[in-house]
Amino acid sequence: MNIVWLLLIGAAVISGAVKGHMAEVSNAMFSSATTAIELAIGLVGGMTLFLGLMRVADDAGLVRVLARALRPVFRFLFPDVPRDHPALGAVAMNFGANMLGLGDAATPFGIKAMEELQTLNPDKETASDAMCMFVTLHSSSLQLIPVMVISLRAAAGSKNPSETIVGTIFATAVSMLVAIGVSRMFARWYALRARGGAA
Amino acid sequence: MREMANSASNWIVPLLILGIPLYAFAVKRVRVYESFIEGAKEGFTIGVRIMPYLVGILVAIGMFRASGAMDWLVWAIRPLVAWAGFPPEALPSSLMRSLSGSAAFAMSSEIFKLYGPDSFIGRLVSVIQGSTETTFYIMAVYFGAVAVRKTRYTLAASLITDASGIAAAFVITRLLF
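If you read the protein sequences in the order shown, they are chains A and B. 89 is the number that the working numbering gives to position 89 of the first sequence; each next residue is one higher, with no gaps. With the second sequence counted from 1, adding 199 to any position gets you the working numbering.
Do not take every clue at face value.
[What the hints assert, rightly or not] As a list, the in silico SDA-like pairs of lysine to any residue whose alpha-carbon atoms are at most 20 Å apart:
no., chain 1, residue 1, chain 2, residue 2
1, B, Lys312, A, Ser151
2, B, Lys349, B, Arg248
3, B, Lys240, A, Gly46
4, B, Lys349, A, Ile3
5, A, Lys19, A, Ile3
6, B, Lys312, B, Pro291
7, B, Lys240, A, Ile41
8, B, Lys227, A, Leu62
Calculated directly from the structure, the hints in this document are not laboratory data.
Please model the entire structure based on the sequences and the hints provided.
Written out as structure tokens, the structure reads:
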């Protein structure tokens with residue numbers, strides 16, 4: 001992350017200097033900072049609502065029921081998380097909401113899942129393997145029906161805006177498998193390296 | 200299909216908000232209102248905790264976009280994808296997807312306007328945008344929420360996942376259309 005962050009900023013300043021876009025770069029700095037805070041504030045409303053709902057579901061034992069129902073899948077994805085742990089229920093709710101395209105609900109559930117995973121994490125500043133797996137799975141885009149894309153296609157006058165859904169589901173499934181495989185490989189590699197370093 | 204997806208999401212959330220507390224109260228005797236408030240308390244603190252992460256990453260991405268450095272990245276990767284037969288016109292919006300969702304969607308609209316949404320490029324861009332995610336934003340929000348700073352291999356694994364999504368989108372679009 002350190003390297004990518006520096007690369008992004010470094011490339012921006014160099015490119016801004018070479019192409020004479022320094023004024024734009026400088027403006028973008030401050031407007032992006034403002035946007036970031038607006039985004040965070042914008043998340044608070046939905047987050048408060050769904051964290052409240054999540055607590056009710058937790059108190060009613062629903063989160064554990066969900067975790068138990070999906071135990072076989074989760075045993076494989078998150079081997080370090082004890083079965084029936086509430087983290088798995090939150091993960092399930094997050095995946096479900098994502099697949100249905102309920103982004104506003106998915107984010108608070110995902111955050112709850114991260115908080116639960118954090119309670120199991122021995123080093124609070126460093127991501128656990130379960131966290132890495134969870135976040136990486138997101139970059140495969142779990143959404144089954146890409147509502148945004150379909151709206152864009154319709155707006156552009158497509159004859160059949162939803163014809164790309166099948167392709168999207170296929171590509172999502174492939175990248176999801178890659179996400180699982182790659183996270184597993186990295187986890188093993190890091191574990192080996194850590195052991196080697198200690199010896 | 201779009202209407203169905205839209206109306207489904209209009210129904211699911213209100214039904215959840217009724218159904219979960221109703222079950223909790225009627226079957227499990229949970230004091231639902233108190234329970235809700237207890238959980239909801241955390242909302243604001245999490246929003247505040249995310250802020251530094253989001254500012255850090257969005258400022259870097261904003262600067263990167265404004266500087267036009269994207270052209271260099273496209274230039275560097277272009278020969279590689281051209282060799283595979285991937286249309287270079289679809290490259291900038293695909294690379295942008297991991298950095299900024301709104302920018303990637305704006306670039307896709309532009310492509311729809313230029314080539315038409317039902318052209319090969321238009322379909323390819325549609326599949327790619329639907330099957331990849333704003334990786335950097337997600338990482339900032341999720342790791343920010345628990346104040347984890349060392350993310351280990353998440354970024355590398357996520358970027359490989361994004362690339363595999365783009366490749367899979369290309370293959371399936373070729374096969375389907």
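Structure-based check of each hint:
no., hint, in the structure
1, B:Lys312 with A:Ser151, "14 Å, holds"
2, B:Lys349 with B:Arg248, "16 Å, holds"
3, B:Lys240 with A:Gly46, "12 Å, holds"
4, B:Lys349 with A:Ile3, "12 Å, holds"
5, A:Lys19 with A:Ile3, "23 Å, violated"
6, B:Lys312 with B:Pro291, "15 Å, holds"
7, B:Lys240 with A:Ile41, "15 Å, holds"
8, B:Lys227 with A:Leu62, "10 Å, holds"
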